[in-house]
Amino acid sequence: MNYIWFFLIFISIVTAAFTGRIDAVVSAILDGAQKSVEIALYLAGIMAFWLGIMRIAEKSGMVEFIAKLLTPVARRLFPEIPDGSPAVGDIAMNFTANAFGLSNAATPMGLKAMEELQKINKDKNSASNAMCTLLAMNTAGFQLVPATVIAVLASFGAKNPTEIVLPALIVTTIAFLSALVIVKILEKLTPPQKENGGEEC
Amino acid sequence: MLKTAINAISLWMIPVIILVVLIWGLVKKVPVYETFVDGAKDGLRVSVNILPYLVAIIVAVSMLRASGAIELVQNAFSGVFEALKIPADILPVMIVRSLSGSAVLGLLSDIVQNFGPDSYPAKLAAVIVGSSETTFYVLAVYFGSVGIKKFRHALLTGILADCAGIIAAVAVSRWLFL
Chain B
0 MNYIWFFLIF ISIVTAAFTG RIDAVVSAIL DGAQKSVEIA LYLAGIMAFW
50 LGIMRIAEKS GMVEFIAKLL TPVARRLFPE IPDGSPAVGD IAMNFTANAF
100 GLSNAATPMG LKAMEELQKI NKDKNSASNA MCTLLAMNTA GFQLVPATVI
150 AVLASFGAKN PTEIVLPALI VTTIAFLSAL VIVKILEKLT PPQKENGGEE
200 C
Chain Z
0 MLKTAINAIS LWMIPVIILV VLIWGLVKKV PVYETFVDGA KDGLRVSVNI
50 LPYLVAIIVA VSMLRASGAI ELVQNAFSGV FEALKIPADI LPVMIVRSLS
100 GSAVLGLLSD IVQNFGPDSY PAKLAAVIVG SSETTFYVLA VYFGSVGIKK
150 FRHALLTGIL ADCAGIIAAV AVSRWLFL
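So the sequences go chain by chain: B and Z.
Note that numbering that gives the first Met the number 0 has the first sequence beginning at 0, numbered continuously upward.
Note that numbering that gives the first Met the number 0 has the second sequence beginning at 0, numbered continuously upward.
These are calculated hints, taken from the structure and not from any lab test.
Where is the CB? At the ideal position from N, CA and C, for every residue including glycine.
Certain hints may be false.
To give an idea of the chain Z side of the interface with chain B (calculated C-beta under 7 Å), a few residues [stated by the list, open to error]:
hint: 1; residue: Val31
hint: 2; residue: Leu53
hint: 3; residue: Val58
hint: 4; residue: Leu63
hint: 5; residue: Ala65
hint: 6; residue: Val111
hint: 7; residue: Ala125
hint: 8; residue: Glu132
hint: 9; residue: Val145
hint: 10; residue: Lys149
hint: 11; residue: Phe150
hint: 12; residue: His152
hint: 13; residue: Thr156
hint: 14; residue: Ala163
hint: 15; residue: Gly164
hint: 16; residue: Val171
Residues of chain B placed beyond 10 Å of chain Z at every Cβ, according to the derived structure [unchecked claim]:
hint: 17; residue: Lys67
hint: 18; residue: Leu69
hint: 19; residue: Pro71
hint: 20; residue: Arg74
hint: 21; residue: Leu76
hint: 22; residue: Asp82
Build the full structure now, drawing on both the sequences and the hints.
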């Protein structure tokens with residue numbers, strides 16, 4: 000990110016020198032900074048509302064309830080996890096919290112699941128198949144309602160900012176399912192982990 | 000017909016989720032008002048945390064746009080983008096979305112401001128951002144937390160799934176919004 004950011008600014012100043020638009024670039028700095036604050040303020044309102052509603056879903060046990068429903072599916076996806084391990088429940092909670100946009104609750108659950116998976120991992124330095132599947136679920140990032148994106152559209156006065164809700168849901172579902180398919184295919188193609196490899200280092 | 004239905008579901012989804020959550024909360028005897036206020040504080044924290052990132056990205060991209068550099072790139076690759084019906088401004092969104100959630104929000108804001116909130120580029124960017132997760136950040140946090148050094152097939156899975164997501168986003172947006 001450091002280099003990307005530097006290059007954005009470097010290229011704009013160099014290009015401006017050639018195109019003679021340095022005055023426009025300077026005023027873009029001021030406008031951009033002001034606009035950022037406006038967006039953040041708008042975001043504050045919508046995010047506060049959405050996270051407030053989602054906190055109720057969390058406290059009322061609704062998130063947990065949905066996670067319970069999903070546990071059998073999670074068990075199928077993670078055949079390596081032994082029965083009775085709390086990892087499956089954590090994974091289901093992690094997924095459900097992510098789906099509700101509760102990333103503050105989802106990440107600790109996910110990290111707890113990673114710890115459990117590390118306990119049963121053969122090689123503590125390399126990722127087990129179960130870990131890769133969990134990461135696939137998280138990097139694909141299934142989300143029901145993209146609250147921040149709606150906030151940005153609304154802050155610029157979109158006529159119908161929630162218009163993108165279902166399209167985004169369709170896309171996030173496709174991406175999530177393809178992540179699961181891809182991870183299971185790559186699992187077969189990737190060389191297996193070494194037994195107890197890395198224990199000595 | 001299908002498009003009208005999709006619009007209606009989009010519009011109704013948020014109110015329905017809110018209603019279900021509130022009714023569930025009341026049935027479970029959760030103090031919904033206090034819990035809401037408690038959760039809403041998080042929203043303020045999120046937006047304050049995100050502000051420095053927004054300033055960094057929006058200022059940099061505004062400068063880039065004002066300098067004329069984006070037009071130059073656009074002209075150079077206009078054939079490719081036109082054929083795919085993807086506005087050239089979307090390209091940075093596709094790349095940055097896997098790197099930084101706050102930065103991509105800045106890019107999205109820039110596109111929405113530049114093309115207007117009801118334009119096709121704005122909606123396409125919104126769908127791309129709204130359906131994505133910052134793959135590299137997630138990999139770093141999850142594997143870092145347990146000291147895994149070899150990611151094996153997790154990295155490639157993340158990248159391929161991101162590509163699948165982008166293709167799906169373009170296809171769905173073209174169908175619905177163009």
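Hint check results:
no.: 1; hint: Val31; verdict: holds (5 Å)
no.: 2; hint: Leu53; verdict: holds (4 Å)
no.: 3; hint: Val58; verdict: holds (4 Å)
no.: 4; hint: Leu63; verdict: holds (4 Å)
no.: 5; hint: Ala65; verdict: holds (4 Å)
no.: 6; hint: Val111; verdict: holds (5 Å)
no.: 7; hint: Ala125; verdict: holds (5 Å)
no.: 8; hint: Glu132; verdict: holds (2 Å)
no.: 9; hint: Val145; verdict: holds (4 Å)
no.: 10; hint: Lys149; verdict: holds (4 Å)
no.: 11; hint: Phe150; verdict: holds (6 Å)
no.: 12; hint: His152; verdict: holds (4 Å)
no.: 13; hint: Thr156; verdict: holds (4 Å)
no.: 14; hint: Ala163; verdict: holds (4 Å)
no.: 15; hint: Gly164; verdict: holds (3 Å)
no.: 16; hint: Val171; verdict: holds (5 Å)
no.: 17; hint: Lys67; verdict: holds (14 Å)
no.: 18; hint: Leu69; verdict: holds (17 Å)
no.: 19; hint: Pro71; verdict: holds (22 Å)
no.: 20; hint: Arg74; verdict: holds (20 Å)
no.: 21; hint: Leu76; verdict: holds (13 Å)
no.: 22; hint: Asp82; verdict: holds (22 Å)
The structure shown violates none of the earlier numbered hints.
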